[in-house]
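Chains as they are written, first to last, in the numbering used here: chain H, 197 to 395; chain A, 68 to 128.
Honestly, the hints are just simulated from the structure, not real lab data. Every value quoted in this text rests on a predicted model; they were computed, and no experiment measured them.
Interface residues of chain A toward chain H, partial, derived using beta-carbon atoms under 10 Å:
hint, residue
1, Glu83
2, Thr87
3, Val92
4, Met93
5, Asp97
6, Asp100
Cβ coordinates follow ideal geometry from the N, Cα and C atoms, glycine included.
Residue strings, one per chain:
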Amino acid sequence: MEAARRGDRDAFNELVRATYRAIYALAYRLTGNRDDAADVVQDAYVRAYRAIRRFRGDSSFSTWMYRITSNCASTHLSRRTRQRTEELSDDVPIVDLRPEQDPSLRAEAAVLRHHIDRAIRALPERLRQVVVLRDLHDLSHSEIAAELGITTSAAKVRLHRARQRLRTVLQRTAEFGADQADQAALPDPDNKTRRPRDQ
Amino acid sequence: MINDATRPFDHRPPAEAPPTLVWKVMARLDQYDRRRQLVRRFLAATTLAVITVLFRRRVRR
Numbered sequence: 197m198e199a200a201r202r203g204d205r206d207a208f209n210e211l212v213r214a215t216y217r218a219i220y221a222l223a224y225r226l227t228g229n230r231d232d233a234a235d236v237v238q239d240a241y242v243r244a245y246r247a248i249r250r251f252r253g254d255s256s257f258s259t260w261m262y263r264i265t266s267n268c269a270s271t272h273l274s275r276r277t278r279q280r281t282e283e284l285s286d287d288v289p290i291v292d293l294r295p296e297q298d299p300s301l302r303a304e305a306a307v308l309r310h311h312i313d314r315a316i317r318a319l320p321e322r323l324r325q326v327v328v329l330r331d332l333h334d335l336s337h338s339e340i341a342a343e344l345g346i347t348t349s350a351a352k353v354r355l356h357r358a359r360q361r362l363r364t365v366l367q368r369t370a371e372f373g374a375d376q377a378d379q380a381a382l383p384d385p386d387n388k389t390r391r392p393r394d395q
Numbered sequence: 068m069i070n071d072a073t074r075p076f077d078h079r080p081p082a083e084a085p086p087t088l089v090w091k092v093m094a095r096l097d098q099y100d101r102r103r104q105l106v107r108r109f110l111a112a113t114t115l116a117v118i119t120v121l122f123r124r125r126v127r128r
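Excised from the complex, chain H in its bound form:
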């Protein structure tokens, strides 16, 4: 890692060989397409190579790469959405009936995504980490435990609590609106009741 940070290309190649499978799996899950995933992986490694000197080592290299890959995937997907063109054949109805193109469904999905983003951001850091690593980066419980330096059971407990909290916040959002839900998200009773072995 140190050698790669100093600009040693061979050391960086080793890091690529060690991590590209997991990075590709994440890119594939984020893009849902093999070609896009391969493009995202290449972009992510070039970005990482450019920024490796600024990598402080607060997290592991793979966690850092996951973050870069998520950013690359979102850039890639937004670029692709802007550039997307499809040819119309004669038997295609003029009105696009596909559910993913339905403006009202897309608006609903955007609102839901916004609420989920908000609810995740409102989670305490230690709960947010496990949700992001599990549900976005698709890491296993043991991988999350290793990444955060906690036990596997602690990772499971945190994930359970985080999902419970998200469920409560999202239910409140559906019933009373976002402001009430924020009030539900603010207090962190887990911090008071947290047992030492859950650290």
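Using the hints provided, position chain A relative to the given structure of chain H.
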């Protein structure tokens, strides 16, 4: 026996990285290194040219 080299690409689980990907990544990094090298050389040459011009002007005065 099917191994990484003989298994057809389409039979892979979709989330499994194709073995050629690592070479594509290396090629992109090589390309980035080459471009960076070219930019550095260009900047060095431009700087040298500017310094030379300024120096000659000064000498002529």
